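> Model the full structure from these sequences, guided by the hints.
Protein chains: 2
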Amino acid sequence: MGLVIFEYYEMKVTILGNNSATPAFGRHPTAQTVAVNGEVLLIDCGEGTQIQMQRYAAKWRKLHHIFISHMHGDHYFGLPGLINSMSLGGRTDALHLYGPAPLMPIIEAILAVADTVLSYPLIFHPLPEGSEVLVETHLFRVTCFPVIHRIACHGFLVEASTRGRKLLPARCEEYGVPVSFYDELKNGEDYSRPDGTVVKNYLLTEPGPSPKRYAYCADTLYTETILPYVKGVDTMYHEATYLEADADKAVARYHTTARQAAQLAALAGVKQLLLGHFSSKYKDVDSFMEEASPVFANVVVTVEGNVYEI
Amino acid sequence: MGLVIFEYYEMKVTILGNNSATPAFGRHPTAQTVAVNGEVLLIDCGEGTQIQMQRYAAKWRKLHHIFISHMHGDHYFGLPGLINSMSLGGRTDALHLYGPAPLMPIIEAILAVADTVLSYPLIFHPLPEGSEVLVETHLFRVTCFPVIHRIACHGFLVEASTRGRKLLPARCEEYGVPVSFYDELKNGEDYSRPDGTVVKNYLLTEPGPSPKRYAYCADTLYTETILPYVKGVDTMYHEATYLEADADKAVARYHTTARQAAQLAALAGVKQLLLGHFSSKYKDVDSFMEEASPVFANVVVTVEGNVYEI
Chain A
0 MGLVIFEYYE MKVTILGNNS ATPAFGRHPT AQTVAVNGEV LLIDCGEGTQ
50 IQMQRYAAKW RKLHHIFISH MHGDHYFGLP GLINSMSLGG RTDALHLYGP
100 APLMPIIEAI LAVADTVLSY PLIFHPLPEG SEVLVETHLF RVTCFPVIHR
150 IACHGFLVEA STRGRKLLPA RCEEYGVPVS FYDELKNGED YSRPDGTVVK
200 NYLLTEPGPS PKRYAYCADT LYTETILPYV KGVDTMYHEA TYLEADADKA
250 VARYHTTARQ AAQLAALAGV KQLLLGHFSS KYKDVDSFME EASPVFANVV
300 VTVEGNVYEI
Chain S
0 MGLVIFEYYE MKVTILGNNS ATPAFGRHPT AQTVAVNGEV LLIDCGEGTQ
50 IQMQRYAAKW RKLHHIFISH MHGDHYFGLP GLINSMSLGG RTDALHLYGP
100 APLMPIIEAI LAVADTVLSY PLIFHPLPEG SEVLVETHLF RVTCFPVIHR
150 IACHGFLVEA STRGRKLLPA RCEEYGVPVS FYDELKNGED YSRPDGTVVK
200 NYLLTEPGPS PKRYAYCADT LYTETILPYV KGVDTMYHEA TYLEADADKA
250 VARYHTTARQ AAQLAALAGV KQLLLGHFSS KYKDVDSFME EASPVFANVV
300 VTVEGNVYEI
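The listed protein sequences correspond, in order, to chains A and S.
Oh and the first sequence: position 173 is 172 in numbering that gives the first Met the number 0, straight run, nothing missing.
Oh and the second sequence: position 245 is 244 in numbering that gives the first Met the number 0, straight run, nothing missing.
None of these hints come from the bench; they were simulated from the model.
Do not rely on the hints blindly, as some may be mistaken.
Any copy, or any two copies together, can satisfy a pair, since identical chains are not distinguished.
Keeping only pairs whose Cα atoms sit at most 35 Å apart, straight-line, the calculated DSBU-like set for lysine-lysine is [said to hold, decoys possible]:
#1 K230 <-> K280
#2 K282 <-> K11
#3 K61 <-> K248
#4 K58 <-> K282
#5 K282 <-> K248
#6 K58 <-> K248
#7 K270 <-> K282
#8 K280 <-> K11
#9 K58 <-> K280
#10 K58 <-> K165
#11 K280 <-> K165
#12 K230 <-> K61
#13 K11 <-> K61
#14 K58 <-> K199
All values reported here derive from a predicted model rather than from experimental measurement.
Written out as structure tokens, the structure reads:
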């Protein structure tokens, strides 16, 4: 049976911008898309995000949820343009925006002075102070969690919805279960055969793989308070604005070094660590790998435009 | 005498973005710098302007005046990022911002929610309803003039300050005028020789060339009401959002076609016409040249990154 049962259950991250504060050396301010089960989530939206989305072929029509971590401009100055452009493009699908409470009055002021009426509903969800499930659908769940920055800031935990039980194709054939019933099997249902006998679900399936989990840790001082949220995730994206040589700058500006990020990944027992949010003082970011990899082996220094499988 | 007397008196425009509304086909939203006598003026500041300025090596330290034509996002969404980045870069020089009155409260709100205190004075000058001289220095003068758009919108006339009188080097040598007195000669002063005799200025100089003038016409419906402001300028930048085939769209959206822009250039008797603000519906903009050039010969379809001598 060449049938690929779970092809729809994927998660991958595309880095649209991985520089801190100001753009430099071709690196853009923070933005990334998370493709999860066919839906595209946008996390942060620095200046130029809509242009980066065009460059890397991110589909607006699959985008219904945008998450903004905090109100530093390098994380949201691309949002007004993206919101406008989707309206000029005739979007009708609702767009859900999750961000700090002060975000929406600014967007509303920008729309008002231009006499702009959007072509679609823009639904704002202010972030709470602490951790909370922001949205849960049949495809994914996103939870915010507080990090420690100069102003209020949140990370986001993206979890694919359960993949359901895993089919045992040989058994399904043996018991004569039609392919049309496979979705019900994945949901744990028993199969009633035409002759009235019932085949219990556990004979036809086994427990499915754990749903993929991705943690985006935003801008933050090194803090172990986030461990409960990121523990054991498949992939953690953590900022590494500085190298250890500039650890004092990292503390002063509520940022993290590459080695600290690696240490947190080790403590959290994550499977993969993605580094980003590099300071404009570094033209070359190879040293981030040299510094982090002795502490946590499976580390990636992200590159804009690259797609990382979770 | 190989001396180049007036090398400082130059004017040139660098196009940072020439697309309308949304970025497309590698074209960015509106922004351009005007270098005049060593100073750099920024006119409009669409999303991504600071990145474009890096790409095309525009110097922040020569930038002290920014002009925003109107409150459509494609003309100012790059401004908050640019303002922030100059502060992060430690700028101390004052920055003068000229734009519609509603611009500054938005900038202030954006700075306030980020707890940002700029490293330099940002001085806002709201645009008047009509035409007015906005700034005049020993290097240049900028005047705004109203155009006709869906919301309040202004064009800008940039005039280099007088070049002074033009030296006649052979005469200067003949009368024994030292090079150290050349600046005074350009300002019209007579030369007093060591023996007490006076050489009248008109013997040593002739009238200098007219100061260069550049008109940026922003987003506008075709309108001859701007003729008094743009008449006879060396270069006029006029929007050409559409081709004549879409003249109905141009009217509906308060924009201009390539042929209309050429017609205005002919009526105004300008020396050169630059076209820009192309709609995202056109991948290829060669047709703008075909449409405009039969009506006005010295027309240029602008290309981002190109520098145009005025």
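> So, for every hint listed, does it hold in this structure?
Outcome of the hint check:
1. K230 <-> K280: within (31 Å within a copy, 48 Å between copies)
2. K282 <-> K11: both (27 Å within a copy, 31 Å between copies)
3. K61 <-> K248: Answer is between: at 29 Å across copies they meet the 35 Å cutoff, but 39 Å inside does not.
4. K58 <-> K282: both (30 Å within a copy, 19 Å between copies)
5. K282 <-> K248: within (17 Å within a copy, 46 Å between copies)
6. K58 <-> K248: between (38 Å within a copy, 27 Å between copies)
7. K270 <-> K282: within (28 Å within a copy, 44 Å between copies)
8. K280 <-> K11: both (29 Å within a copy, 31 Å between copies)
9. K58 <-> K280: Result: close both inside a copy and across copies, 33 Å intra and 18 Å inter.
10. K58 <-> K165: within (30 Å within a copy, 60 Å between copies)
11. K280 <-> K165: Answer is neither: 49 Å inside a copy and 47 Å across each miss the 35 Å cutoff.
12. K230 <-> K61: Within. Shortest intra-copy distance 29 Å satisfies the 35 Å Cα cut-off; inter-copy 50 Å does not.
13. K11 <-> K61: Classified as within; 14 Å inside a copy, 43 Å across copies.
14. K58 <-> K199: neither (41 Å within a copy, 73 Å between copies)
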